[in-house]
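**Q** If you read the sequences in order, they're chains A and B.
Going by my numbering, the first residue of the first sequence is number 31, and it counts up by one from there.
Going by my numbering, the first residue of the second sequence is number 94, and it counts up by one from there.
Please note that the accuracy of each hint is not assured.
[As the list claims (entries may be wrong)] If you anchor each label on the Cβ, the simulated ranges turn out as follows:
(1) B:Val565 to A:Val448: 42 to 52 Å
(2) B:Pro492 to A:Arg318: 28 to 38 Å
(3) A:Gly38 to B:Val276: 25 to 35 Å
(4) B:Leu314 to A:Glu445: 48 to 58 Å
(5) B:Pro562 to A:Tyr414: 33 to 43 Å
[Unchecked claim] Just some of the chain B residues that point at chain A, by a computed CB distance under 10 Å:
(6) Leu167
(7) Val261
(8) Ala395
(9) Phe527
(10) Leu530
These are computed hints drawn from the structure, not numbers from a lab.
Every residue gets a Cβ at the ideal spot worked out from N, C-alpha and C, and that includes glycine.
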Amino acid sequence: MPVEATAGVLTAIGLLMLVGACGKSAQIPLYVWLPDAMEGPTPVSALIHAATMVTAGVYMVCRSNAIFSRAPIALLAVTIIGTLTSFFAATIGITQTDIKRVLAYSTVSQLGYMFMAAGVAAYSASIFHLMTHAFFKALLFLGAGSVIHGIGGEQDMRKMGGLRKYMPWTFWTMLIATLAISGIPPFAGFFSKDEILWQAFSSPHGSKIFWFFGVITAFMTSFYMFRLIFLTFTGEYRGAKPEAGSSHGSHDDQGHHAPHESPWLMLAPLVLLGVLSIIGGWVGIGNRFEHFLDPVIQKVSVEQSVAQNGEAVTKPVSDGEGAAEESKGLENILMGVSVLVAFSGLGLAWFLYVKRPELPSRIAEASGGLYTLVLNKYWIDELYSAAIIGPLVALSRVVLWQTIDQKVIDGTVNESAVAARDVSQIIRQQQSGLIRSYAGWIAAGAAAVVAYMVWMGTR
Amino acid sequence: MNISTLNPWILTLTTFLPALGALLIAFLPRRDRDIRWFALAISVITLLVSLHLPAHYRDVAATNSGSFAYEQNLHWITSPNIHYHIGIDGISLWLVVLTTFLVPFCVLASWKSIHDRVKEFFILLLILETAMIGVFIALDLFLFYFFWEATLIPMALIIGIFGHQRRVYAAVKFFLYTMIASVFMLAAIIWLYAQSGTFDFTELQHLLASGAIAVPGHTALWLFLGFFVAFAVKVPLFPLHTWLPDAHVEAPTAGSVLLAGVLLKMGTYGLLRFNIGLFPAEAHKNAPWIMTLAIIGIVYGALVALVQPNMKKLVAYSSVSHLGFVVLGLYSFTRAGMDGAVYQMLNHGISTGALFLLLGMLYDRRHTYEIKEYGGLATPMPIYATLFLLITLSSIALPLMNGFVGEFLILSGAFQAKAIYGIVAATGVIWSAFYMLWLYQRTFYGAITAPVNATLPDADVRERSILWPLAVLALVMGVFPTLWMNSIDASVAGILKDTQNAMSSASTLQVKVNTVLK
Numbered sequence: 031m032p033v034e035a036t037a038g039v040l041t042a043i044g045l046l047m048l049v050g051a052c053g054k055s056a057q058i059p060l061y062v063w064l065p066d067a068m069e070g071p072t073p074v075s076a077l078i079h080a081a082t083m084v085t086a087g088v089y090m091v092c093r094s095n096a097i098f099s100r101a102p103i104a105l106l107a108v109t110i111i112g113t114l115t116s117f118f119a120a121t122i123g124i125t126q127t128d129i130k131r132v133l134a135y136s137t138v139s140q141l142g143y144m145f146m147a148a149g150v151a152a153y154s155a156s157i158f159h160l161m162t163h164a165f166f167k168a169l170l171f172l173g174a175g176s177v178i179h180g181i182g183g184e185q186d187m188r189k190m191g192g193l194r195k196y197m198p199w200t201f202w203t204m205l206i207a208t209l210a211i212s213g214i215p216p217f218a219g220f221f222s223k224d225e226i227l228w229q230a231f232s233s234p235h236g237s238k239i240f241w242f243f244g245v246i247t248a249f250m251t252s253f254y255m256f257r258l259i260f261l262t263f264t265g266e267y268r269g270a271k272p273e274a275g276s277s278h279g280s281h282d283d284q285g286h287h288a289p290h291e292s293p294w295l296m297l298a299p300l301v302l303l304g305v306l307s308i309i310g311g312w313v314g315i316g317n318r319f320e321h322f323l324d325p326v327i328q329k330v331s332v333e334q335s336v337a338q339n340g341e342a343v344t345k346p347v348s349d350g351e352g353a354a355e356e357s358k359g360l361e362n363i364l365m366g367v368s369v370l371v372a373f374s375g376l377g378l379a380w381f382l383y384v385k386r387p388e389l390p391s392r393i394a395e396a397s398g399g400l401y402t403l404v405l406n407k408y409w410i411d412e413l414y415s416a417a418i419i420g421p422l423v424a425l426s427r428v429v430l431w432q433t434i435d436q437k438v439i440d441g442t443v444n445e446s447a448v449a450a451r452d453v454s455q456i457i458r459q460q461q462s463g464l465i466r467s468y469a470g471w472i473a474a475g476a477a478a479v480v481a482y483m484v485w486m487g488t489r
Numbered sequence: 094m095n096i097s098t099l100n101p102w103i104l105t106l107t108t109f110l111p112a113l114g115a116l117l118i119a120f121l122p123r124r125d126r127d128i129r130w131f132a133l134a135i136s137v138i139t140l141l142v143s144l145h146l147p148a149h150y151r152d153v154a155a156t157n158s159g160s161f162a163y164e165q166n167l168h169w170i171t172s173p174n175i176h177y178h179i180g181i182d183g184i185s186l187w188l189v190v191l192t193t194f195l196v197p198f199c200v201l202a203s204w205k206s207i208h209d210r211v212k213e214f215f216i217l218l219l220i221l222e223t224a225m226i227g228v229f230i231a232l233d234l235f236l237f238y239f240f241w242e243a244t245l246i247p248m249a250l251i252i253g254i255f256g257h258q259r260r261v262y263a264a265v266k267f268f269l270y271t272m273i274a275s276v277f278m279l280a281a282i283i284w285l286y287a288q289s290g291t292f293d294f295t296e297l298q299h300l301l302a303s304g305a306i307a308v309p310g311h312t313a314l315w316l317f318l319g320f321f322v323a324f325a326v327k328v329p330l331f332p333l334h335t336w337l338p339d340a341h342v343e344a345p346t347a348g349s350v351l352l353a354g355v356l357l358k359m360g361t362y363g364l365l366r367f368n369i370g371l372f373p374a375e376a377h378k379n380a381p382w383i384m385t386l387a388i389i390g391i392v393y394g395a396l397v398a399l400v401q402p403n404m405k406k407l408v409a410y411s412s413v414s415h416l417g418f419v420v421l422g423l424y425s426f427t428r429a430g431m432d433g434a435v436y437q438m439l440n441h442g443i444s445t446g447a448l449f450l451l452l453g454m455l456y457d458r459r460h461t462y463e464i465k466e467y468g469g470l471a472t473p474m475p476i477y478a479t480l481f482l483l484i485t486l487s488s489i490a491l492p493l494m495n496g497f498v499g500e501f502l503i504l505s506g507a508f509q510a511k512a513i514y515g516i517v518a519a520t521g522v523i524w525s526a527f528y529m530l531w532l533y534q535r536t537f538y539g540a541i542t543a544p545v546n547a548t549l550p551d552a553d554v555r556e557r558s559i560l561w562p563l564a565v566l567a568l569v570m571g572v573f574p575t576l577w578m579n580s581i582d583a584s585v586a587g588i589l590k591d592t593q594n595a596m597s598s599a600s601t602l603q604v605k606v607n608t609v610l611k
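Bound-form chain A, shown alone (with noise of 0.2 Å):
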């Protein structure tokens, strides 16, 4: 059956079925959700909120390219929220302490790069970067998990430290995640993040703004993330010293042991990762993965969109020969941005948290308000808790239960039993059940019958 739809029909489509994704996928403004979830279990947060559940929103926008190619205003609608997510939930990332919440808002990031991808109709960058994100995030999870089982469930950086000699194959198995997810080659998320940020760039949907936020973006993650390294791992282990002669065996998880490295059955799926965040991204050289996607990718050229939607060609199409080696250059250069962005980012977490441990709470108090702000993750649970949900409830309380269904509805129902009953009151006069009164009715009954005869006799 051929389908056909409109323009507007296809637009709302797009923007609707984002909606869901946004929600699916944490993108703002429904994002408030992941972080909290992180109050699950490590391994359920490693599977279904990093690599699996949450990246089937991208997986949806992937997947219905169709329509979104012939969709430009919600294609530029995906490419802007992704863009904002990954920009905003990068800062918040900055600023968290627990080991856990950075990876969330780390995952809600990346998840904005995954749709900027989609939303320059670069979907198989996206899927790419969907597939090597969920090999370095979850050995991420699985890592901060090892952590938090290794130091009695602390999940608060502040409280770590030094862990580096206690457990070093988790140490350096989050090393590798970190080094893949900050965009440093050779690991696995330098080919995808690359090629997200190319796309972004040179893409007909794309501009540079978008790419410019994107390698905005890379620096902090590749600042926080060695941040979380550096609290977690160097320096002196800053978490409650063990209690002298404290019961052995009892109580494993909350117990106040010394650190120690997990056993062997959690350390084996990070190793497994580690090679996977290692080598997953060599997939993409040469662009193998594109063709491997090429045949769930409807190609729409951006004048047959133009064209369905009846507006003004925005930008040029024409690749030529010399336009395609004039690209091949200007590729190496972003490349080459990306990764010096990607290793300042590194080089800043060092100074700051290995150099010089002192400078951030200075910075801290310094910026005030913005870095409170930041750190309350911009107030927008809040937000929504005043602004939508706070509302909702009374309006439903006073205005929809108290006053129109209790008193309006109801009271009508009640009101009119009251009004049968005294109009019944007064008609239950005539049963008095006094002789008198009932042969006075019938005199005035017999009266009213003759005066009625004797006027029509009249007539």
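Knowing the structure of chain A, use the given hints to seat chain B on it.
**A** Leaving out everything else, chain B in the frame of chain A:
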């Protein structure tokens, strides 16, 4: 003996077995334990007998020329011309089975909570069962009205005698409200009889469709409204719903279960069978405002449910919302919407019936329905909490559960009828998750606030044997809807075809229905 020789009598048997049981209980000595077991036996036997209906429905329907199976048409009263005419189609089939299925659970739920006047209670319960089944099988309007009003008496007595504090107020309100509305239906039935000399549904349908009964001017609308008011109160459709929360809160558990599970379905069943069946043109003409009321009910019922401090009232208002979905689907006049509506009637019977059973178990323990009295119950009552969650998921129509099938079909039907209906109604999906999950969170999660809750016993064997079948059925209905949907769909298609024919004789709206039917 060939089982098919039973077919003409099987409906009568199903209907009157409970009444016969009630009669026998009346002669039993007042030994509560014996009476409970006897009532349970009767209700289970009735269930087993009624299962003959779906088991052989396909064969019986295939050999039947009309749209009804298991038909039986006997003279009852010669003047006026009243027949004992009964029969079921693919829609009433499942409503009968829903009724016989729920009653044994109601008996079990009343096992301990009813300890005074046990004999009277079970007599009323079984009489109520007969009356409810009768409503769904009657094909003679007089017989229908008889059963329809017959449900009122036992239900009002169950609320008024065995209910909670404000039981008499609730019982009187329930009785008067629904009976006053039914009078309008009676007037319409009498008008039809005066014009045609018959109460027979199929005959009347034929006479009205062929134009053999002269229905002047606005009379058709008044007849339609006469039936409509009676059914809309029962459903209940916004704004005629305020008897429901009172009746539910005051009723004992079994009363609430049958009220929500079956009595409300009598309203939606009537809207389908009689309003659409007898007056298809009027029904179609009036669909826009009916659907609008249904959608208001969906959103309004859900939002009011959200802020209820009393959990039984919360579930009662959720019924207003759920039944709004059913009416919306019916009056979308699309195959998907009507299929979904009928399926949702069954789903609501299962899920809301189960919710009332669950709340009753909590009430047996703590004697309160106030949400703030609970909290953290998942710790002392893990099995109960699990079953509550399963039923909650069914109620909020999560995929894999029965509610999803119904709601999805209804929404797609409503969308086909008019996009805006589907769009607004779809928000109901969010609201229902909001109020049910919030209820669940406040009741089962967090720390135990009242110390008495810490030692509450978990669901016992009797309670688990009530809840597991319902939970499993909710899942099966969500995964294999075709088991039910095949017969429902065939009957819905028949009704839609009749509607279409009526339209083509009215001609102007024909094009519209054709597009809707596609």
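**Q** If a hint holds in the structure, say so; if it does not, say that too.
**A** Hints, verified against the model:
1. Under the hint 42 to 52 Å, the C-beta atoms of Val565 (chain B) and Val448 (chain A), about 48 Å apart, fit the expected range.
2. Judged by the Cβ atoms, the range 28 to 38 Å given for Pro492 (chain B) and Arg318 (chain A) holds: they are separated by roughly 36 Å.
3. With their beta carbons about 50 Å apart, Gly38 (chain A) and Val276 (chain B) fall outside the hinted range of 25 to 35 Å.
4. Under the hint 48 to 58 Å, the C-beta atoms of Leu314 (chain B) and Glu445 (chain A), about 28 Å apart, miss the expected range.
5. In this structure the supplied range 33 to 43 Å holds for Pro562 (chain B) paired with Tyr414 (chain A), their Cβ-Cβ distance being about 40 Å.
6. A least Cβ separation of about 40 Å between Leu167 (chain B) and chain A goes past the 10 Å threshold, and the interface hint is therefore violated.
7. The beta carbon of Val261 (chain B) is not positioned within 10 Å of any beta carbon in chain A (closest approach about 14 Å), and the interface hint is therefore violated.
8. Given hint, Ala395 (chain B) at the interface with chain A, holds; its Cβ is 9 Å from that chain's nearest Cβ, closer than 10 Å.
9. Hint status for Phe527 (chain B): holds, given a least beta-carbon distance of 9 Å to chain A, under 10 Å.
10. Among the interface hints, the one on Leu530 (chain B) is violated; its C-beta lies about 13 Å from the nearest C-beta in chain A, farther than the 10 Å criterion.
Taken one by one, the earlier hints fail for this structure at numbers 3, 4, 6, 7, 10, listed in ascending order.
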